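Given chain A, put chain B in place with the hints provided.
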Amino acid sequence: MNTPSWIRIERRPSLSAWTVFAISLAAIAAALIAASVFFKAYGVSPLRAYYLIVTGALGSAVGLAETVRRTIPLLLIGVGLTVAFRALFWNIGAEGQLLVGAIAATGVALFVPMPEILRLPAMFVAGFAGGAAWALIPALLKARLGINDVISTLMLNYVAAFCVQWLILGPWKGPTARGFAYTDKFPPSAMIPRITGTTIHWPTLILGVVAAVIVYVWVGRTRQGFEIRVVGESPSAARYAGISQGKVIIMVMLVSGGLAGLAGVGEVAGVQRMLLDPAKLSLGYGYTAIIVAWLARRNPLAVLVTSFLFGAIMAGGDVIKVSLGLPFQLVNVFNGLILFFLIGSEIFMKYKVSFAWRKH
Amino acid sequence: MGWQGWVVSTVSFMLSYGTPLLLATLGEIYAERSGVLNLGIEGMMIMGAYAGFVTAYLTKSPWAGLAVAAGVGCGFSLIHAFASITLRANQVVSGLALTLLGLGLSGVLGRTWGGKPLPNSLPQITVPVLADIPILGPMLFEGHVAIEYVAILLVPIMWFILFKTRIGISIRSVGEDPATADSLGVNVKKVRYLCVAVGGLLAGSAGGYLSVAYRPAWTEGMTGGMGWIVIALTIFAFWNPVMGMLGAYLFAALYHLSFRLQPWVSPEILQALPYVFAILVLVFISRGSLRRRMGSPAALTIPYTRGEE
Numbered sequence: 001m002n003t004p005s006w007i008r009i010e011r012r013p014s015l016s017a018w019t020v021f022a023i024s025l026a027a028i029a030a031a032l033i034a035a036s037v038f039f040k041a042y043g044v045s046p047l048r049a050y051y052l053i054v055t056g057a058l059g060s061a062v063g064l065a066e067t068v069r070r071t072i073p074l075l076l077i078g079v080g081l082t083v084a085f086r087a088l089f090w091n092i093g094a095e096g097q098l099l100v101g102a103i104a105a106t107g108v109a110l111f112v113p114m115p116e117i118l119r120l121p122a123m124f125v126a127g128f129a130g131g132a133a134w135a136l137i138p139a140l141l142k143a144r145l146g147i148n149d150v151i152s153t154l155m156l157n158y159v160a161a162f163c164v165q166w167l168i169l170g171p172w173k174g175p176t177a178r179g180f181a182y183t184d185k186f187p188p189s190a191m192i193p194r195i196t197g198t199t200i201h202w203p204t205l206i207l208g209v210v211a212a213v214i215v216y217v218w219v220g221r222t223r224q225g226f227e228i229r230v231v232g233e234s235p236s237a238a239r240y241a242g243i244s245q246g247k248v249i250i251m252v253m254l255v256s257g258g259l260a261g262l263a264g265v266g267e268v269a270g271v272q273r274m275l276l277d278p279a280k281l282s283l284g285y286g287y288t289a290i291i292v293a294w295l296a297r298r299n300p301l302a303v304l305v306t307s308f309l310f311g312a313i314m315a316g317g318d319v320i321k322v323s324l325g326l327p328f329q330l331v332n333v334f335n336g337l338i339l340f341f342l343i344g345s346e347i348f349m350k351y352k353v354s355f356a357w358r359k360h
Numbered sequence: 001m002g003w004q005g006w007v008v009s010t011v012s013f014m015l016s017y018g019t020p021l022l023l024a025t026l027g028e029i030y031a032e033r034s035g036v037l038n039l040g041i042e043g044m045m046i047m048g049a050y051a052g053f054v055t056a057y058l059t060k061s062p063w064a065g066l067a068v069a070a071g072v073g074c075g076f077s078l079i080h081a082f083a084s085i086t087l088r089a090n091q092v093v094s095g096l097a098l099t100l101l102g103l104g105l106s107g108v109l110g111r112t113w114g115g116k117p118l119p120n121s122l123p124q125i126t127v128p129v130l131a132d133i134p135i136l137g138p139m140l141f142e143g144h145v146a147i148e149y150v151a152i153l154l155v156p157i158m159w160f161i162l163f164k165t166r167i168g169i170s171i172r173s174v175g176e177d178p179a180t181a182d183s184l185g186v187n188v189k190k191v192r193y194l195c196v197a198v199g200g201l202l203a204g205s206a207g208g209y210l211s212v213a214y215r216p217a218w219t220e221g222m223t224g225g226m227g228w229i230v231i232a233l234t235i236f237a238f239w240n241p242v243m244g245m246l247g248a249y250l251f252a253a254l255y256h257l258s259f260r261l262q263p264w265v266s267p268e269i270l271q272a273l274p275y276v277f278a279i280l281v282l283v284f285i286s287r288g289s290l291r292r293r294m295g296s297p298a299a300l301t302i303p304y305t306r307g308e309e
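Protein chains in written order, with the numbering used here: chain A, 1 to 360; chain B, 1 to 309.
Because the hints were derived from the structure by calculation, they are not lab data.
Keep in mind that the hints are not guaranteed to be accurate.
Just so you have them, the derived chain B footprint on chain A, three or more residues with Cβ under 8 Å [what the hints assert, rightly or not]:
no.	region
1	44-56
2	138-152
3	200-212
4	329-336
Okay, the calculated beta carbon distance ranges per label pair [stated by the list, open to error]:
no.	chain 1	residue 1	chain 2	residue 2	range
5	A	Leu58	B	Trp264	50 to 56 Å
6	A	Leu88	B	Thr10	36 to 42 Å
7	A	Ala22	B	Leu153	50 to 56 Å
8	B	Leu153	A	Ala237	45 to 51 Å
9	A	Gly220	B	Glu176	47 to 53 Å
10	B	Arg306	A	Leu88	24 to 30 Å
11	B	Pro119	A	Asp277	29 to 35 Å
12	B	Gly225	A	Lys247	27 to 33 Å
13	A	Arg144	B	Trp63	34 to 40 Å
Quantities reported herein were computed from a predicted structural model and do not represent experimental measurements.
Each residue gets a CB set at the ideal place from its N, CA and C atoms; glycine is no exception.
Just chain A, with the same shape it has in the complex (with noise of 0.2 Å):
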């Protein structure tokens, strides 16, 4: 007896778009369901509780800014692990690659001499270049030793906290920051202009936007994210066309990582306008992304949509904690049970799934 008799699970052969849209939301919803005993053991009806979550996220202008604020990092980080995942890489690393890529921006904004209408620019460039350079190591264990994906980019988060804790410990405290461990603040000519009165960088925004069409369009037309996808899809295959694995895992990490560090520029430029503690820096987005691209079903475009979700769940965080007075760390009850949920759903996209109460 492999399943119980009276579930019956057949292969699917195709599904359209929008029977996984519907399964998605189900998913979600069915997750939200499961959250609210947690609303209930605080003693606020859950239904006040989403209420207020989603007016505050999104009911009014001060929280819509607080939403597409955590977008935009979300977007970038999420569009690159589409292409990393596509290729069946587990790129877990985004977080420290954030933050390399933060450390780069930080470098060139403070200590680099150049002209000032170049900085920002050249800020971006050492964001890509550092998050690129940072998703490298990983890539190359793999591709040449074969040292598991999951472990060597975790690990790598952790080592890039710490550099930037040390850094603004040490050589880099601010001679300004008075005993805080911070850095100097930003040069005006270092800032990321943003939307007057939030916090919305703008021009990261539409780098996040643009990524994601170029992406969708490098992954889904070209021969190069063909290669990316067979890789992913069945590495025997790739094997037999002459595809080079590890150049693709090479590539596809440059891409990823490159993202990743540009969302870290964002933070770091245009939210905080300084380097300072990582928990601040970055508030897990490289982690959440994870569940934004898995949501996005690998979907560079789809990103758009499920980053603004995953946006508007953390800033219902802070609605969470100041409205209702309970823990910050719901989100994350939060996001675990959605990607449950969202992976347990998956079994009704690959098979059709039947109850048949008789036995049969």
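Using the frame of chain A, we list chain B on its own:
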């Protein structure tokens, strides 16, 4: 402190810091041997640490805390088992979700428990007679907690079960070639569920050990990435409990020795070292003649359905 003091403190630290690593690694070895990668170790450990601490605090019994920690770890692992074995979900993502859920849940529930001292933690024991042996005595038989010895005892037992018994053959065959195992009458799903549950039990106890013995207190995120190091150790161990012990203690020793560099190297860099070590260890075993023996269980991360593939 002469060289003897050095050795004593290093070995002593190896035993205590290596124990949670060893416990969780043993569990993960069983899960992976049966073909299920569980990346949720960190989540199960932190839930074990939280549940263990609260139980020990309320009942004033650290042993009850440890038992509950093991149970909670086990229960938590079943979520992953259900998702990856019954629903055939992607094991990498499911494991990550488990970690996310564990860190979040323990953070929510443990918010009011931080900074409270534990009335009584697991007692440190001195083994009579053996403790009087010069050097070895104070190193191995003084000031340790019983569970540290239990962990060591588990190594030969779990090795024996895995390699010398029918159960072990079932586990390994399910992880290498589930279709053949199935045709020989092994219940693939049952074996996998059991192995994942054992993994959860041990990861939970590892967390419990942290919060009721090693550092008798609750701090949010107190496992600090240990669960990920366990995943690396499992690979380093070639999925063998004996090598797992070697790896866990070696790792603890490296960690301890790195703190001897304190006068010369800044603390942030030292804190990053364990994670660098974990990568270096994998680089080390991936080279040369060792590589031939590497090779994970053939069916690792592949869900099994009768009659497919």
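Query raised in the report: Given a hinted range of 29 to 35 Å, is it respected by the beta-carbon distance of B/Pro119 and A/Asp277?
Result: About 34 Å separates the Cβ atoms of B/Pro119 and A/Asp277, which means 29 to 35 Å holds.
**Report entry** Claimed coverage, the region 44-56 of chain A by chain B - three or more beta carbons nearer than 8 Å
**Finding:** With 0 residues closer than 8 Å to chain B, the region 44-56 of chain A misses the three-residue bar; violated.
Query raised in the report: For the pair A/Gly220 and B/Glu176, does the Cβ-Cβ distance stay inside 47 to 53 Å?
Result: Hint violated: Cβ distance 37 Å, outside 47 to 53 Å.
Query raised in the report: Could one say that the CB atoms of A/Leu58 and B/Trp264 fall in the range 50 to 56 Å?
Result: Hint holds: Cβ distance 53 Å, inside 50 to 56 Å.
**Report entry** Outcome of range test on Cβ distance (A/Leu88, B/Thr10; 36 to 42 Å)
**Finding:** For B/Thr10 against A/Leu88, whose Cβ atoms are near 41 Å apart, the range 36 to 42 Å holds.
Query raised in the report: Okay, A/Ala22 versus B/Leu153 on CB: inside 50 to 56 Å?
Result: holds, 53 Å
Requested in this report: Hint says 27 to 33 Å; check whether the CB-CB distance for B/Gly225 and A/Lys247 agrees.
Outcome: Since the Cβ atoms of B/Gly225 and A/Lys247 sit about 31 Å apart, the hinted range of 27 to 33 Å holds.
Query raised in the report: When you take the CB atoms of B/Leu153 and A/Ala237, is the distance between them in 45 to 51 Å?
Result: At 48 Å between Cβs, range holds.
Query - Verdict on chain B covering the region 200-212 of chain A, criterion of 3 CB contacts below 8 Å - result: Result for this restraint: violated, n = 0.
Report task. Determine whether the Cβ-Cβ distance between A/Arg144 and B/Trp63 falls within the hinted range of 34 to 40 Å. Result -> violated, 48 Å
Query - Verdict on chain B covering the region 138-152 of chain A, criterion of 3 CB contacts below 8 Å - result: holds (count 8)
Query raised in the report: For the region 329-336 of chain A, do three or more residues have a beta carbon lying closer than 8 Å to a beta carbon of chain B?
Result: holds (count 8)
The earlier numbered hints that this structure contradicts are 1, 3, 9, 13.
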